[in-house]
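For the record, the sequence lines run as chains A and B.
Residue numbering for the first sequence follows our numbering, beginning at 729 and increasing consecutively.
Residue numbering for the second sequence follows our numbering, beginning at 729 and increasing consecutively.
Derived from the structure by calculation, the hints contain no laboratory data.
The list cannot tell twin chains apart, which means a pair is met if one copy fits it or any two copies do.
Result set (SDA-like, lysine to any residue): computed pairs, CA atoms no more than 25 Å apart in a straight line:
#1 813 to 823
#2 997 to 762
#3 933 to 824
#4 885 to 821
#5 813 to 831
#6 870 to 820
#7 813 to 743
#8 933 to 995
#9 870 to 882
#10 813 to 829
#11 885 to 743
#12 813 to 995
#13 813 to 741
#14 885 to 828
#15 870 to 859
#16 933 to 864
#17 997 to 983
#18 933 to 946
Number of protein chains: 2
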Amino acid sequence: MLKLYWADDDCLLPGDRGLAYGDGLFETIRVNGDSAPLLVYHLDRLMRDAGRLGIRLSRPELESAVAHAMKRYGAIHGISHWVLKLVVTRGSGGRGYRPAADVSPHLYLFHSVLPPLPPETGVMVDFSRVPLTVNPLLSGIKSLNRLEQVMAAREMKDPTFELLMTNAAGHVVEGTRTNLFLHGPDGWRTPPAASLAVSGVMRRKVIECLLAAGEPFRECELQVEDLLGRECQGLYLTNSVLGVVPVRNLAGLDLPVGNRLATICDPHKRPD
Amino acid sequence: MLKLYWADDDCLLPGDRGLAYGDGLFETIRVNGDSAPLLVYHLDRLMRDAGRLGIRLSRPELESAVAHAMKRYGAIHGISHWVLKLVVTRGSGGRGYRPAADVSPHLYLFHSVLPPLPPETGVMVDFSRVPLTVNPLLSGIKSLNRLEQVMAAREMKDPTFELLMTNAAGHVVEGTRTNLFLHGPDGWRTPPAASLAVSGVMRRKVIECLLAAGEPFRECELQVEDLLGRECQGLYLTNSVLGVVPVRNLAGLDLPVGNRLATICDPHKRPD
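Chain A on its own, in the form it takes in the complex (with noise of 0.2 Å):
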């Protein structure tokens, strides 16, 4: 049955350009107890971005609608760790694609519980038969523009994580949902940030923790090969929810699993 919103009744919000067109951006924020240890980073990818767009967003006002937001759902999740969803938009209005002069921005705010956490022994990963595809003036962007993560995570079917995507050369990119580390014998490599879709808040966080710990780690462009090949010493997949998240078995390839990364890297783990 197909549901219909009539554009003149009142619970619809007419002309958001993020549904039109998906004329905004978005971040999601692990919540843990009353603090949110990557908000900064979020905040800050949200503010660049939104600039990249020619969004006008007002770090305050965010910070402020932010604050809000953790006492208003975190009164609901209690001492649950949850996730906390930001949508901006553009705002409504404007001659089609061509923003109006005065179009003023919306924030939309969401919260749900936390998704199944992935063990720490590590996940089955796949390759997707989605091609990724980058335009250059919005690489690394979380826009509203998904549909290609959508195409591709349509195909996953559990026990897979995650699948992974190529681009037109050839080079393996992200995870509909992650970034990626490969761990070889010259140290750590991840795909360069000209490349992504997505540039991930957890990827910064661990460049810098690896960084800080006087680990060898180049950005890189990789190929399947690098990954299924000998040298290969271990992937592992990066989200900001999820944390680290060790790959134990390739497109049927058993991989080895070290907790290093997650070790030094990831804010969410619990100190043993």
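Take the given structure of chain A and dock chain B to it, following the hints.
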């Protein structure tokens, strides 16, 4: 001022994937009094592309909703021409990008007055600096993922009517909201369907009319030089609301303007 929408208030559509990910499609249908000349083509495209995205739509339900909208909104607009916009989303819910198996679509119905129509003497057009990227899986689909077109349209300054977008290969593919037809010594050319971000309903109509009129026509990749060079005998933009729009000036170069294409192809053009 940031306008806030709380997910637990009544007036939001929590979890509509159209807002969250641009997970849906739209059609903008011109209604001329009590008839919509291209309605069948719009519904054909909506049904075909919903199928490509795996969104289960029933054509009878869709037609029934449209008929209802024509009455409901037609009563508001009277004899004036107006625009009916349909937005179909995959619905709500699911685990992140991955839709739930029982997800059920939403249809939003909007109406608006006609935009200002361009003069028959033609319009001024330029090239966009925003590259066009098209995922082969999604080529031609008028999905809600339109952030590239928004970013291109932001650069438009009156009196420029349209900006033409090129892809990574340097081919001129389409305008932000139009397809294009080039007239040359050996007939009509338009970029191939597989290269398009949006495969227009008016584009389909024009191709059918050209073929029916026995005009030489082929799908062909176009370079900037094809449009600006000596062999260009005219450039025409197509859009199902605006019809066939001649380009009188492209990036500072005057182009010849004829009325043949509009005469044989434009369903909105009043007969002389």
